[in-house]
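Colleague: From first to last, the protein sequence lines are chains A and B. Going by our numbering, 428 is the number at position 428 of the first sequence; the sequence numbering is gapless. Going by our numbering, 110 is the number at position 110 of the second sequence; the sequence numbering is gapless.
Honestly, I wouldn't trust all of these hints.
Unchecked claim - In silico contact screen, one side only, chain A against chain B (beta carbon under 8 Å); selected entries:
(1) 180
(2) 181
(3) 182
(4) 237
(5) 256
(6) 282
(7) 283
(8) 293
(9) 460
Hints listed in this document are in silico derivations from the structure and should not be mistaken for laboratory results. Being a predicted model, the structure only gives us computed values, none of them experimental. Where is the CB? At the ideal position from N, CA and C, for every residue including glycine.
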Amino acid sequence: MKRHTLTSRREFLRLVAIGATGSAVSLLAAPVALATPPRSTERAATIALAGIELSQSVTLPDDAAPLDQQVLRYMIKEDRYIASGIGGYNVMWDLRGMLFESLTAYTNDWDYEKGMADSWEVSPDGTVYTYHINPGLTWSDGRPITADDYVNHYKILLDPKNATDVAWYFYPIVNGEEINHGTAEIDSLGAKALDANTLEVTLKEPTPYWNHFMAYGDPRPYAKHLWDQFGDTYYTTLDSTATSGYWKITDWTKGKGIVAEARNDYKGNWPGYLQRIEFPFGDPTTHFAAYQRGETDIVGDIPAPGDIAAIKSDSTLSQEMYTWPNWTDWYLLFHTQDGPYKDLRVRQAVSHCVDREAICNGPLKDLGVPSYTVIPPGFPGNQVDNPEMRTIQNFDPDVARKLLADAGYPNGQGFPEMDLWIRGTGGAIVTQQAAAESIQAMLKDILGIRVNLRPEDARIYMGALGKYQIGITLLSWAFDFTDPVNMVAIPFRSKYPNQGGRLDWKNDEFDALVDRAGPVSDIPTRYKMFQDAEKILLQDVGAVTVYHPISHQLWKPYLKGITANKGGITQWANIKNQAPMLYIANR
Amino acid sequence: MLRYTLIRFAGMVGVLLAISVLTFLIMHSIPGGPFDPLKMPVSATTQKNLDAKYGFDRPLYEQYVRYMWAAVRGDLGVPFQSPGETVVGLLGRTWKVSAIIGGISLLIAYSVGMFLGFVSAVRQNTWVDHVATSFAVLGVVTPSFVVALLLILVLSLGLQLVPTGGWGDSWQQAIMPVLAFSFGLIAIVARFTRSSVIEVLRSDFVRAARAKGLSQRAVLRRHVLRNALTPVVTIAGPMFAGVITGSFFIESIFRIPGIGQYFTTSAFQRDYPMIMALTLLYAALITVVYFITDLVYAWIDPRVRVGASGTARSQ
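Let's have the full structure, built from the sequences with the hints guiding it.
Modeller: Now the structure itself:
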């Protein structure tokens, strides 16, 4: 009997051959295409600007593309809020930095200049700051920006009814801390609107960094009238949003992106060149692929080492990448009130057994630089070039072993096995995981100390940290504003035994010194005091610094306006006043 | 039939209630809360006020009852992850995206998968079978995110045919997510179909049909196909519930504003309203599809009748 088949062998073979050939061609095309990625000077498409009023008063730089091509695409991670403060750390940072102005504005060199305030005075005793706000400023919905907006913003952040973990920034304001702890009335806050355009802020003591802090993100005000109308859901939708800067948000589609366009009614100090900024949403791990395809013009941070390696090996992309050591510390902290790390010799042993050079030349190659100080290279007040700082934490296995033996744990014998806590699970921060594994190996190989890596959910981690329940951990601190108080005092000044600090290490000399240094306005004296405090911290091993991560960014060659600062670093930083300088150049 | 439906509905309500209690208890037993600080601790007064504002200071049973009372009236609360909209609003805008991708993927999975499985079974132990089986194994073992990344590499960056991701701008944005999603599903359907068809091919009634002189094509079409469908239908239910609720990996990699990502982010962010809503949604979907599956059984196989006890069973 003849067998009937659904399809002949010849037909099937023909189909499979076609499919296989097509697949092979595709697979071969991929590496070729990656070796010659889309030319960065070409834009994926000219973006239509139909329907928007172009700001005809803009005078573009000579090399700029025409006004209707002044469109930037900047892919960002979607988050809950545009407004910081009330959003805590659930904020779209880059968008906030570009669309909202601050009283003072960070220059490219990390000095500050006028922002929303045209001028200001500081009282002779350094405690009263009086800001004169540009009277022409309006929110993007047309309502005037007044001093009341600032006062209201500070009150929102300090009001204990609101979920914000940035209130502590505003504790220097008179009654700020008391209000947040519920022991003072909200209207007793030392921030007042003297008139519509004059804001007076009274601080508890001289705070020389205050104008630096005003340039930072969280003090940027949001519209009081929107808070009155929407409460804690303000700045979560298009209808509940009004910006203060040159661009207004014209479209906000959840899950898709935000579009901002230039305002023709802007009368502030910082108009821009760009006419439209599109912020498509995407997980940061997808930004590099989108950049290659021309779907974003800038990548603010490249998290994946594989992408960094691919960029470095590509002749075109490598020219578009910018790197610098970030002003972030990664360090080890210990539980010092009891247990083995209470002994200074044990902490010193750990400090001398961490080979920072090997970590940064090995698993963190191109991802981190060794850290021997808490004030990073390039940061105001740093003493990175002081040779003494290297010796405090230098890698010396023999000294490390001797110290541990003197402490009663020769070769780690009798040393309890502990968990080395890491904040966050899933290895999301690659450098953290690699550094922790290296430290784990070094502790075991050099000192005989066994630790188990314990990646922990961020919330559980922070809860344990605040209660001083963690034996040893690798943790980071990133700068907020450019004053050494931010790197030395704020993270390390002891709060123990009160809960809420990051570490239970307590050194009275250190605490007293940073408390005295805080109000000092003479810069050289101030810096010297914080440097001395930094030495005490490291000599007493309140922390073991390990590395500063290297930031990697990409932007298209036709995107101009980001220039090198006086330190020779070319960087895109969302809290710097860089957005008004950006423009699209002709090819 | 009406009695059967009512009994099943009552059972579904009972299941959902049990799941809601279990989910609520587990959710609150996990350390860490939705407003725990991420950089610096909040003051004790702030924490106390937050707990009061969101009702976390009330006894658990009271929190549960309040939630369920609002839920049955259609108020599933406000997601902590997206405070500017309601849970219902968020589900509405995200679910349809996931349902589109999942639905298309399922259609492709079943059409291609059943074809592959069928051909593989009919040409059992030939090179056709080996190729199809190899493909099926590859589909099962390869994680969807690996497929997704390969697709981006080849189709988007290599051949420049489609964008790297996004949604809502062009139909081309759906190509890669659908391909990535359906790859593994095709493999599963193919394997089930192959096994089922082989089993039916060996049965007596097929032998009898051949003995009567029916052509191979007629045997396959009239006798084998329908009888082989039962296991394939069985997996359709949970597969359907799984695909139309999206995939965290697919949606993240392709920047799809679907519902899948929220299954993961809600847990990490302790977004209690979303955790409850998503769990109940998924549970409701599963119970409904099982119900529909039972009805489909009865249609496919006349020997299966819906019983008075509320179950579908063979007679």
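Colleague: List, from low to high, the hint numbers that the structure doesn't satisfy.
Modeller: none
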